[in-house]
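Asker: What follows is the residue order along each chain.
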Amino acid sequence: MSIKTIVAALHALREQKPLVVSISNYVAMNNTANALLAVGASPIMAHSRKEMAELLSFSGALVVNIGTLDSIWIERMLFAVEQANIHNKPIVLDPVGCGASSLRTVISRQIAQAANKLIIRGNASEIIALAGEKGKSKGVDALDSSEAALGAARYLRETYQSAVVISGATDFIVTSIGQTQLDNGHAMMPYVTAMGCTLSALTGAFAAVGEETGLAAAAVLGVAGEIAAMQSKGPGSLQLNLLDALYLLDEATLIERLKLS
Amino acid sequence: MSIKTIVAALHALREQKPLVVSISNYVAMNNTANALLAVGASPIMAHSRKEMAELLSFSGALVVNIGTLDSIWIERMLFAVEQANIHNKPIVLDPVGCGASSLRTVISRQIAQAANKLIIRGNASEIIALAGEKGKSKGVDALDSSEAALGAARYLRETYQSAVVISGATDFIVTSIGQTQLDNGHAMMPYVTAMGCTLSALTGAFAAVGEETGLAAAAVLGVAGEIAAMQSKGPGSLQLNLLDALYLLDEATLIERLKLS
Amino acid sequence: MSIKTIVAALHALREQKPLVVSISNYVAMNNTANALLAVGASPIMAHSRKEMAELLSFSGALVVNIGTLDSIWIERMLFAVEQANIHNKPIVLDPVGCGASSLRTVISRQIAQAANKLIIRGNASEIIALAGEKGKSKGVDALDSSEAALGAARYLRETYQSAVVISGATDFIVTSIGQTQLDNGHAMMPYVTAMGCTLSALTGAFAAVGEETGLAAAAVLGVAGEIAAMQSKGPGSLQLNLLDALYLLDEATLIERLKLS
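Chains as they are written, first to last, in my numbering: chain D, 17 to 277; chain X, 17 to 277; chain G, 17 to 277.
All the given hints hold, so there is nothing to weed out.
Just so you know, same-sequence chains aren't split out, so a pair can sit in one copy or run between any two.
Below, computed lysine to any residue pairings styled on SDA-like, alpha-carbon distance capped at 25 Å:
#, residue 1, residue 2
1, 66, 98
2, 33, 186
3, 66, 129
4, 133, 31
5, 66, 118
Keep in mind the hints are simulated off the structure, nothing from the lab.
Turn these sequences into a full structure, and let the hints steer you where they fit.
Answerer: Have a look at this one:
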């Protein structure tokens, strides 16, 4: 993956304005819809089994986020994954709080197992817990460094034939051809809720235009986030400045600010 | 409808602070509650059948928004419409994504059929799909111009004895006594999620004080939106500046900026 | 309760970053998660009975907010209260719209009855309705002055052995050792949705670090709110400036601005 690929993906996204079907959580839906619109994609938040096949037939990707899961929603998530498989659409799994409860761990694995074209996007604690290592996850915020989750990510990549994005102060993108490190973003971002969910949503939008490693989304959100943070005195301003930055982000700025290795 | 009627409606709304019962979607609830408060109304988001009759007995209007519908919510929506009919309250239907799935089309028509004092508020694609014409709706964002939906709106008005608001770059308000065109608003508004839902919520608030065409809400949101857009560099700022503009909007500014024809 | 106790509580919260489990409403979840993060706590929004015991075993408090209640959610709320009791965790009850429907009144009392370590946080109308006096609650916004609810609050304190926070232009904190009056806050705050829910969420975070009267949360939100309001021209700006102010609030400013009596 090179800078050129990332820029091309952003260009394609804004040209194609892909539809992204999201089964998300109650906290994040508004943020993720706004982020998708701001970057140039078109969100559709839906979960009913009575329309999922239809919506996935003409959408570009499915994002499944387990943030506020329960028995009713779990069935919907699994059904949607089945439909995305049938229509050969990429699926992004956001295993929110994986490791904080057995339920979250079990269901995350079940979704990962069921999904064909899969990208997993989690913080270090979630990735570690999903892989079954003894992580330190309590709650939904990461307690581990991204680097500590690299082994777990490689295990997930092999087990589920998926790309894996570990997000954190440093992001790692782990694919079958290796790993990429991204050092964009800002320390204030974790003080805004649903920032990880937002990354998962953007990952779906980029997957819909063919960028199925998760790198382009992490790069765009990281760069937009650090631009926004420079203009923000706290997480309230950051939340809105981030949407402005996603909307205004031009390719030259993206190239200039990217910290890839 | 004249400018005078619109201004009188805003005045009445701020004096009476009407209660608006909303059955909305997970994405839009926060935005619509905030918009109702900012303009001077009082929102109550509720859906349980165990309290709907009671709440509608002392509220001014019901807004039904199908944005994240499913079997459980559909029953609640239909029950609420029944109760609003019993209490002779105006009902605003927002057929989000009508045409994107058969489920949305069928349920929107069922609600429209059931509602007595009805205002339908949708974008052009939704209005066209609701009327049964071959629209171009994919997802929840409009792909047609408002003008293209005028025939559909007239059909809906006759079929359901309702007022119809087509929102878009140009808004059209279609009632039994003719149609009104409104050219306020701003091209950045569709980059904020739930903007249409917000218009439907405001339409409910104005209906609660007797303005049952939908024009006053479209006028107020259009003018507030264009004021907000002038102060915004992107959709993040726009979202908050819009709430400020709704809160601060005075009658003189409203009159000065209205573009009615 | 003295200023010193409040400042110590804020200090402890930021050091311990307590996990707060919230069963909240669809409108408020995003706001309350953001407010918890901004002040320095860690929110987990969850409701499934399949993970509640686990989550409450390592969390600091439970917040139950009935804002968009229904039969499905009521069972979850009661189950969560049971689990919080088992794990000896403080419970904050936000009886949103209590008095607006019988359902809300009945369920609020049922939760209050079930909870062991309880703090009740409501506006005057809700507190009056919960106590069974003839309040003036219609909808979810308060129609009574906080002072008018003092008798009701004392009754609730005795009936449920709970602390009671009446929030409004003036806040009253009623505990077994007396009552405290707080005159912080700003008249624009009720124009932002979920402000009361935000106070309940913060009350949970402070309870998690041992401040179980509700005063510290009311003090911190009141001071942050008035700082934010000074920088805001309307409720849109206020919403984001409040998160910034919570994040930036230092102990010296808190001490300087507190209006306790």
